[in-house]
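Trainee: Those letters in the sequence shown? Residues 815 to 1061, by this note's numbering.
Calculated directly from the structure, the hints in this document are not laboratory data.
Note that the Cβ used here is the ideal one computed from N, Cα and C, for glycine as well.
Careful: at least some of the hints might be erroneous.
Unchecked claim - The list that follows gives simulated cross-link-like pairs (lysine to aspartate or glutamate, DMTMM-like), each with its CA atoms no further than 20 angstroms apart:
hint: 1; residue 1: 854; residue 2: 897
hint: 2; residue 1: 825; residue 2: 898
hint: 3; residue 1: 885; residue 2: 865
hint: 4; residue 1: 972; residue 2: 900
hint: 5; residue 1: 885; residue 2: 909
hint: 6; residue 1: 937; residue 2: 900
hint: 7; residue 1: 937; residue 2: 998
hint: 8; residue 1: 872; residue 2: 897
hint: 9; residue 1: 872; residue 2: 900
hint: 10; residue 1: 854; residue 2: 900
hint: 11; residue 1: 1052; residue 2: 944
hint: 12; residue 1: 869; residue 2: 900
Stated by the list, open to error - Simulated DEER-style distance windows between Cβ atoms:
hint: 13; residue 1: 863; residue 2: 818; range: 38 to 48 angstroms
hint: 14; residue 1: 1002; residue 2: 1052; range: 30 to 40 angstroms
hint: 15; residue 1: 883; residue 2: 1048; range: 44 to 54 angstroms
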Amino acid sequence: AVVGRLAHLPKGMVLVTGPTGSGKSTTLAAIVDEANKNRKDHILTIEDPIEFVHKSQKCIVNHREVGSHTKSFSAALRGALREDPDIIMVGEMRDLETIALAMEAAMTGHLVFGTLHTINAMKTVDRIIEIFPANQQGQVRSTLADSLKAVVSQTLFKRVDIKGRCAALEILIATPAVRNLIREGKTFQILSSMQTGKKFGMQTLDDAILYLLEKKMIDPNDAYSNCVEKAKFLKYLKKAPSDFTEV
């Protein structure tokens, strides 16, 4: 429900993150689909390759494929800003230039969705800042604090109750308190903001995993190996862990 609401934001940057194969593209496609059905805007998607084709519904949707329509994500993004889209979906934000352009687009009134290969919200914020040279990082913190709206980090689990998979979502919403932490370089405190920010729709990865575990949807060993605070999950294991995950 929280993820669906992100499709209705007027502007800003929303990042969907997670390792390869965690279902980022599927989540992003669902958000774009929600916008397409409910808004009257111009959506531009930039992918390598195009994974989901969205037919224009209430929105006008244009697709750009890196390699065939454009030489890189950053070139496509620069071109996109000239076409005046309302919503831009960037398949992958791999490099400094693409990230800088995405933030600029978000700051100038566009709603930007993008993906990164980071495993949680804190690491996502750090990754964006650290890709820039040290002398620019203060300014980048400020720009990121002003442009970021949310980070959704996905971890995919094999289901044990039925056939298929399910995703545990860590959700960071950029509240004024979170923006201040980003601006002041206190990203290590973001986790506690997420723990106390449930009323804003935030949840930590561990909370999401715990929910799936208590619903008996996932294997306790999978939960243990993917969680952050291992001690919390020990009681669900049938036998003590025999590897180094508890170190």
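Trainee: Give a verdict on every hint.
Mentor: Structure-based check of all given hints:
With a C-alpha separation of about 16 angstroms, the suggested pairing of residue 854 with residue 897 holds against the 20 angstroms cut-off. Distance hint between residue 825 and residue 898 is fulfilled; the C-alpha atoms sit about 13 angstroms from each other, no more than 20 angstroms. Distance hint between residue 885 and residue 865 is fulfilled; the C-alpha atoms sit about 17 angstroms from each other, no more than 20 angstroms. Restraint check for residue 972 and residue 900: not satisfied, since their Cα atoms lie roughly 36 angstroms apart, outside the 20 angstroms limit.
This hinted pair checks out: residue 885 and residue 909 have alpha carbons roughly 14 angstroms apart, not beyond 20 angstroms. Between residue 937 and residue 900 the alpha-carbon distance is near 28 angstroms, which puts this suggested pair outside the 20 angstroms criterion. In summary, the hint linking residue 937 to residue 998 is supported, as the alpha carbons are separated by about 16 angstroms, within the 20 angstroms threshold. The suggested pairing of residue 872 with residue 897 holds, with an alpha-carbon distance near 18 angstroms, which does not exceed 20 angstroms.
This hinted pair checks out: residue 872 and residue 900 have alpha carbons roughly 13 angstroms apart, not beyond 20 angstroms. Taking the CA atoms of residue 854 and residue 900, the gap is about 9 angstroms. The hint holds against a cut of 20 angstroms. For the hint linking residue 1052 to residue 944, the alpha-carbon distance of about 40 angstroms lies beyond 20 angstroms, and the restraint is violated. Simply put, residue 869 and residue 900 have alpha-carbon atoms about 17 angstroms apart, close enough for the 20 angstroms limit, and the pair holds.
A beta carbon spacing of about 26 angstroms between residue 863 and residue 818 contradicts the range 38 to 48 angstroms that was offered as a hint. Checking the proposed 30 to 40 angstroms range against residue 1002 and residue 1052 shows it holds: the Cβ atoms sit about 34 angstroms from each other. The hinted range of 44 to 54 angstroms is satisfied by residue 883 and residue 1048, whose Cβ atoms lie roughly 51 angstroms apart.
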